[in-house]
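Full structure from sequences and hints, please.
Chains as they are written, first to last, in the working numbering: chain H, 4 to 165; chain F, 4 to 375; chain P, 77 to 228; chain Z, 492 to 819.
These are calculated hints, taken from the structure and not from any lab test.
Incorrect hints may appear among the rest.
Unchecked claim - Straight-line distance between alpha carbons at most 20 Å, and here's what the computed EDC-like set of lysine to aspartate or glutamate pairs gives:
#  : chain 1 : residue 1 : chain 2 : residue 2
1  : F       : 34        : Z       : 564
2  : P       : 89        : F       : 209
3  : F       : 286       : F       : 178
4  : P       : 117       : F       : 175
5  : P       : 117       : F       : 173
6  : P       : 117       : F       : 144
7  : P       : 89        : P       : 101
8  : H       : 164       : F       : 57
9  : F       : 297       : P       : 192
10 : H       : 81        : F       : 144
11 : P       : 183       : F       : 61
12 : H       : 42        : F       : 209
13 : F       : 240       : H       : 97
14 : H       : 111       : H       : 82
15 : P       : 117       : F       : 57
16 : Z       : 625       : F       : 38
17 : F       : 58        : H       : 155
18 : F       : 58        : H       : 97
19 : P       : 117       : F       : 148
20 : Z       : 625       : F       : 173
21 : F       : 299       : P       : 192
22 : F       : 296       : P       : 192
23 : F       : 192       : P       : 101
As the list claims (entries may be wrong) - To list a few chain F residues with every Cβ distance to chain P over 12 Å, as calculated:
#  : residue
24 : 17
25 : 98
26 : 184
27 : 243
Just so it is clear, the structure is predicted and the values come from calculations on it, not from any experiment.
Positions of the beta carbon are idealized from the N, C-alpha and C atoms, including for glycine.
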Amino acid sequence: MILETTQQALQALFAGSVPADEAEAGTPRGNGVLTRDYKTHGYHLDAQVDANQLLAAVTILDEGGFFIESITGVDWIKENQLEVIYDFSRYDFDACRVVIRTRVPRDKPVVPTISTIYAGANWHERETHDFFGIKFAGHPHLVPLLLPDDADFHPLLKDFKA
Amino acid sequence: MSAPIQLRPDETFLLNVGPQHPATHGVLRVKMQMDGEYIVKAETVLGYVHRMHEKMGENRTYAQYLPNLSRLDYLGALGYTHGHVLAVERAAGIEVPERAEYIRAITVELNRVASHLFWFGAFVMDLGGFSPLMYAIQDREHILDMLEAVTGARLTYCYYRFGGLYNDVDDDFIEAAKRFIPRMRKSLKKYDALVSGNVIFRNRLEGIAPVSAEMCRKYGATGPVARGSGINFDVRKNEPYSVYPEFEFDVPVYHECDSLARYKVRMDEMEQSLRIIEQGLEKLPDGPIMAEKKPKTIKLPVGDYYQAVETARGSFGIRIVSDGDKNAYRLKLRSPTYSNMHLFDEACEGMLIMDALAFMGSLDLVIPEIDR
Amino acid sequence: MGGYFSDIFYGSKSLLIGMGITFREFFKPTVTVQYPYQTIKMSARFRGHIELIADEEGKPKCVACGMCQRACPSGCISLDSVSVDIEVDGKVKKKKVLSKYDLDFTKCSLCGQCVENCNFGAIDFSKEYNLASTRKEDFHFNLLKRLEERNA
Amino acid sequence: MSLTLLNVIVAVVIAIAFAAANAAYLVWAERRGAARIQRRPGPNINGPFGLLQPPLDGIKLMTKQLMIPGGADKILFMVAPVLAMAPAIMSFVTIPFSEGIAAHNMELGVLVIFAFASMGAMAILFAGWGSRNKYSVMASVRAVSQNVSYEIPMLITAITVVMTTGSMDLKAISMAQSGGFWHWNIFPSLHSPLMPISFIIFFICSLAETNRAPFDLGEAESELVAGFHTEYGSMGFGLFFMGEYANIVIGASLTTILFLGGWDCPFGMFPGVWWFLLKIYLLIATFIWIRWTFPRTTIYGLLNLSWKILIPISLFNLLLTAGLLKVF
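Shown next as structure tokens:
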């Protein structure tokens, strides 16, 4: 039930276009909403949005009563992109896990902060900034959280050499 | 690192709780701006035991990563390894024999009871009562002995394997577990009389540190913290995995939102875990403990996979992004206490320091698990 | 006003119940083990550091295939072998013989991957837990030497 | 005159020795008792039953270096431990252990002990302020407010006893209760029917006055590290420790004299110092037992208990006793 309404709401951001699955297409997928097989993937909805659509997508989830699970990044060095992944889930028995992802160029990794919507995103964004160097525009306190205060390296980047 | 102490015109002062402080149970630091005994503002400083487990996940094969998981949370390690093996099995499509899943569920629940017992003792010790810790450790010792006889380790277990288990349980374990359940129930009654009913204890917790359900949602709090705020959320029920649908158990939920509610949730959870263990021992089927069809080296198909499990501290999630290699391309660990601890900064504003530290105890923090 | 006195009454009662429990515990026997003076037997599956297993002749069963070395997550096993000529049924054959098996126990996480991956049953966990030292070198074990010492 | 002076010196030496020995072996008893409650053996390696532990601990403390934190107020820092110990020893001087055993009996013994007891708060304040540690300051402020608020109900109940006896002389109070346990002040009498409640109030107050759990807010080791003596090591810490235990002994002695008949035998025969010691050690055992059973109260819980429960009840008791004394 909530799955369909959320899917429709997110779909509205893309004017109804459905992207191809990258595993089948063999190329990076385009922006859009995909439904995933829960049994193999462990989540239901997978939406890739543009960085400037992010706040709209997260607001949909906030209004839908989702809670934030985590935020993380992936370094796609071959495509010269950084991906930010937002996980959302629900407290009720209408199990629906939603993954929001957005890709930004590696040399200019800036996405808007969602800590204005979800206060709990604060630390997750700081952690992602620590590990990937992704800047969250508008974040109130973007200083290293898990790494030392003077850390100027980003260990989870694929070209990081210790 | 921190700014030099400057007495502001409004005469607040900065109090450094941690990294070495008896109440933080590990190397956690909270910078508190205090007005007398009242907290004006708190800022948590993390990372003192950060070990970059996620990078290790990229450099090790899936099997080699198994011991890392139990180093996250040394009190309830089995829950975390369970998450990892389930995630890999889900992605690789490995069918796990029923017996293995039952044994996993039994051992995870035993570990959950052990973890809650230790939390119980440590929490009461935070409040100044020392003896309950010793009683809790005695009961926990029985669990550790049982788990040691099966897994070979007392805390940092590496027992589950992809497709099954390292080795089967023997009759001694089943006997010991059956003996343990009534003894533990008796102990729970004792704890109830000694601690839960105690007027000093109740006065310290009742109505202290309210965390609303909305706040839990915004911060992503899970586990007993969410359930103490009236949220009926338990991954074992909401997204059933393993053999949990076969068990009959309740999810304790309290609507008071205070520290006492979080305490009660955990105390009730121990009873529910005992119920699961009881049923598990009864239903334990015969059969193999290792999947027959299992590749020698595990390579996951391209894609990303998520698995959530309910550990003693809340919903632990593991995300594996695979590029088809034998190592993960990216491995993210979503630790429950990370989100639960995040609440603290906002919730403790305006609280007395002794209430705040009791609140911190009621969050059940394990620092290595926050810092990863 | 009635609440005032009932609060005092029930509060005091709960305190007395608590004292009753600790009073009973006072007379129960102790449950501790006086460690250096008393020890307990380690369970059969206890995982100490690994140890080479000898065959009937007292030689290590190990064939130096290196599976354990590859399986180890922390890289704490290093082994080496030499080829020696041995006579089997009158023919001279080359055979790999283990010449070195070092374990760096400081890195070991006792996961059991090495024991599990050994196809020859040549290594197993020891039951040793009395390992304490202030020097790192004390945890670099030469397992071949230890095997010889056990044989002697 | 010179004989009296000598008497006093001997008495003070004996008092110090008694306080020190008590402190040392009460620590041992506390550790053994706590261990038994928690089903462990406690100190049992040094000597039979671990009886050599206290002197060895003493030697350890004395051989350690006394560290003074940088920026601390040296004078206050050094004075505080002495100030914690000295009044406790002084109080011993006035306590009659038996009819004939008292260093210096005073007619205003009750007053003297309360006067000395309130100096303990000063020691804690000095220690907290002098160590230049925020935790210490917070703890000492807590401890002082606690001491101040618990002195009131304690004094009021003591006055109730003094009124029924008609004397502030500890010896006279004790003598007035002789001749069997039914004469003790703990049991209700015609003039003061609420005496058992007074006894409980006095007992709770002496727990709070000595900063013992569950009222150990001055120490609060899980919140304020070690409270006012966080920065103390060596014998500075040792003196605080001894002072704490000496205060416990005094609290127990005072409770015994005021309520439990002093050195009186419960059956009205063979009164003696042994009865006195038995009674105080039973009370101290209860102190220990309580400490290892309960969690710590909050500061507001503690003050509420004093101002909302103990003080009204003890005041009511005082008025009732005064009225009944007038009537009968």
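**OP:** Could you tell me which of the hints above the structure violates, numbers in ascending order?
**Re:** 1, 10, 12, 15, 18, 20
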